[in-house]
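Got chain A; can you put chain B on it based on the hints?
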Amino acid sequence: MPLPIADFLPGAGSIICNSFGTATKFTRCHAQYPLKFIPTSTHVDNLAAAYILSYGGGMLSGDEVDMTIELNKNADLLLMTQGSTKIFKDREQSAVAGIPISRLPGRDGPVIDGASQTIDAFVSPTSMLLLLPDPVTSFKHSIYTSYQKFHLTSDGTSTSQLVLLDWFTSGRIARGEKWHFKKYASKIDIRLDGRLLIRDNLVLEDENKEWMPISSFASRLHPHTCFATLIMIAPGQNELSHVVQHCVEAFDRLSIGQVKAPKDLIWSLSRLRHVENGVMVRVAGTTTEMVKNFLKNEALANLDTVIGHGMYEKLFS
Amino acid sequence: MMAASVNSPFSADDKSNWLLYLLTDSALPTGGFVASSGLEASFQAGLIPSASTLPDFTLSAAHSFAFNTVPFVRAGYYTVDSEDPIAALEDADATCEALMIGNTVARRASLAQGVAMLTLHIKCFSPDDEVVKQWKKMIRAGKVDGHFAICFGLVCRQLSVSIENTSHLWLYLFTRTLYSSAVRMNIIGPYEAQRMLLRAKEGIEDVVQKTMHLTMDDACQTNPLLDVCQGMHDRLYTRLFNS
Chain A
21 MPLPIADFLP GAGSIICNSF GTATKFTRCH AQYPLKFIPT STHVDNLAAA
71 YILSYGGGML SGDEVDMTIE LNKNADLLLM TQGSTKIFKD REQSAVAGIP
121 ISRLPGRDGP VIDGASQTID AFVSPTSMLL LLPDPVTSFK HSIYTSYQKF
171 HLTSDGTSTS QLVLLDWFTS GRIARGEKWH FKKYASKIDI RLDGRLLIRD
221 NLVLEDENKE WMPISSFASR LHPHTCFATL IMIAPGQNEL SHVVQHCVEA
271 FDRLSIGQVK APKDLIWSLS RLRHVENGVM VRVAGTTTEM VKNFLKNEAL
321 ANLDTVIGHG MYEKLFS
Chain B
2 MMAASVNSPF SADDKSNWLL YLLTDSALPT GGFVASSGLE ASFQAGLIPS
52 ASTLPDFTLS AAHSFAFNTV PFVRAGYYTV DSEDPIAALE DADATCEALM
102 IGNTVARRAS LAQGVAMLTL HIKCFSPDDE VVKQWKKMIR AGKVDGHFAI
152 CFGLVCRQLS VSIENTSHLW LYLFTRTLYS SAVRMNIIGP YEAQRMLLRA
202 KEGIEDVVQK TMHLTMDDAC QTNPLLDVCQ GMHDRLYTRL FNS
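Protein chains in written order, with the numbering used here: chain A, 21 to 337; chain B, 2 to 244.
If we strip away everything but chain B, and leave its shape as in the complex, we get:
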């Protein structure tokens, strides 16, 4: 079992490290490849005039993303502790949906990746996980929406990843997606992307610390400009990404 301390996000446990490496693999089949974390719309809107402005943009996008979604990752993570995990999942998902309904593009990305995450868990990690199987069934039946943050928290919990590592991983994946999308959009080159991703560590960890204790009712966005831009995605004349 993991004994992660807050100061070192990754514990010394070999098994947990192997699992974390797997979860960060960009070949992981969760459909994240088509999502740009809001980068494409922002870039086309002229918000990233040069490669050197990308790190600041990334940090501010991650800040808003964390305040918006970390409470739901945590909620998903702790649902299995309640008497009725499915009811707890429904409650968290309904609140998440209310926040997402005002952003069609982000919502679409969240729903696609949510069910993909559950599918991955069932097919690869735990075919007998009853809670995850039931939750996926309800999503497929259209009874609930199935947002990504909650599914992610749930799956990580079922894999015995610590809550600190779960939140850290969640933000890492967002940041990594943003930088690899930037490479595919030719904003930066691959070496530059890796250098920026490495340098992003401190700022991202700071953001994780700020959001670790937020409740679902505290979930908010902190960047209205980014919010407008992301909503513009479907009206872009040419686009590479789905969201």
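Excised from the complex, chain A in its bound form:
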């Protein structure tokens, strides 16, 4: 049992879930401003759920959010956000955006460059964790670093189950901001019984010495504006493993022909060889809506059998 992090620090939070027969309950669900958790109901047996929020709907430069999640025996948890997480360059930018944020001091050490988020999740062999946030939208000049670590375990009979969606957009397209952020970095580590099995590390950083209307990485991503990574691990035979298998079948059915201009929605799938029913799906879309629809209708089709129809519709609305 890992020690709880010091969740009295600004931006820190911890969730501990235990299952009592047909219900997973929050033994702990605490977050310190500007982080906030709002538990909600899934109406599905044994599946607890909560929304993760940042006051002001986003993160400021200097904000650090650290979450520890612990799912004990048989506990299942669904975590979501309420709307896209916005990454602001600074307080002035967020105020101009009409979102006033006041931030309490309280963290020791030097001020970090940009906003950062870390998640440390410990999942028991008989537990399932679904992390399905909205995409991250980074504003002009902002810096964002995310590090998510998942510690899955097995006990000979069962292995932890995980659904992780990590996605982002090119920025506030409506304001003409397309790939105007300074840095977006997202790192995911998945360990099984202590051994690093899967690592995904994406870094988009503007290498121009002075700001230019086109960041150094913008042209390589054109014409797509939304990118998603979906990792699903569901050993055994259950509702979630059927979702995975459905996704694999959809990919295996693809027969891709040569096109002159890039398609609006493209995707690929890799089987994660070291776990049963494990896949990593990568998606690129010219709009966020397209990626969302793809996730709903193809990659995560039948997820309603796992999280309930109500939650499924809410997630992809």
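Hints are not guaranteed to be accurate.
Examples of chain B residues toward chain A, derived with CB under 8 Å [to be verified]:
1. Tyr-22
2. Ala-46
3. Tyr-79
4. Thr-96
5. Leu-112
6. Ala-113
7. Ala-142
8. Asn-224
9. Asp-228
These aren't lab readings, by the way, just hints derived from the structure by calculation.
Think of the CB as a built atom: it goes at the ideal place given N, C-alpha and C, for glycine as much as any other residue.
Chain B only, in chain A's frame:
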């Protein structure tokens, strides 16, 4: 011994030059012929609308490739300095595998070329190299995966190539493969390919400099669009290359 300075990638040593010429030969039997460095899938996905967009594509592909693999080339290079080189190789290989497992196509290319590189070294350069022989044995026995970047770094080190030349060569080979694949796919002609390859020098060297000091934990990809496309390779209806 080589005394390469950072400013001139190739030292003045005759022996090292001969070796480097050999390592860049496209007839070198390391199985690279069937790999397109992600070009085929990207081209079929419509990401390279004309020949003139190829240099930009190449630079951005090389950027992501360098950030992803140079740390492992370096790790492979320095394993022989540790007390237990095999353990150091295992550690580097396991981290590399974790990064590669999410890209079936790139992984396949990496494993095929990794063991081919070791075979080349043993058969042609140093039949008595115990570390390389042991590492190859472990790969064949299925105990470890044997990723290309690490094998490449290891072999270059055993051949006394400098670390600067090793990293430079690694990126050169990637770029060269991309342009020769483009010729075979009829995207550009052979003269155009050579002209573009020559002009790529500055951009590629810049990328090598940016990645020279990265650790394995820093290894990352910088082009998610390319990543999606490369994963599509096995679903292409018709294809010339294996990856």
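Does the nearest C-beta of chain A fall within a distance shorter than 8 Å of the C-beta of Tyr-22 of chain B? violated, 32 Å
Quick check on Ala-142 of chain B please, does its C-beta sit within 8 Å of some C-beta on chain A? violated, 17 Å
Any CB of chain A closer than 8 Å to the CB of Tyr-79 of chain B? For Tyr-79 of chain B, the interface hint is violated, since the closest Cβ of chain A sits about 20 Å away, which is over 8 Å.
Hint validation: Thr-96 of chain B versus chain A, beta carbon distance must be below 8 Å. Holds or violated? It holds, given that the least Cβ distance between Thr-96 of chain B and chain A is near 7 Å, below 8 Å.
Chain A contact restraint for Asp-228 of chain B - C-beta distance below 8 Å: For Asp-228 of chain B, the interface hint holds, since the closest Cβ of chain A sits about 6 Å away, which is under 8 Å.
Holds or violated: the hint that Leu-112 of chain B contacts chain A, with Cβ atoms closer than 8 Å. violated, 11 Å
Less than 8 Å between beta-carbons is the criterion; does Asn-224 of chain B satisfy it with respect to chain A? holds, 5 Å
Given Ala-46 of chain B was flagged as interface, is its beta-carbon under 8 Å from a beta-carbon of chain A? With a minimum Cβ separation of about 6 Å from chain A (threshold 8 Å), the hint on Ala-46 of chain B holds.
Interface hint for Ala-113 of chain B, Cβ within 8 Å of any Cβ on chain A: violated, 16 Å
In summary, the numbered hints that this structure violates are 1, 3, 5, 6, 7.
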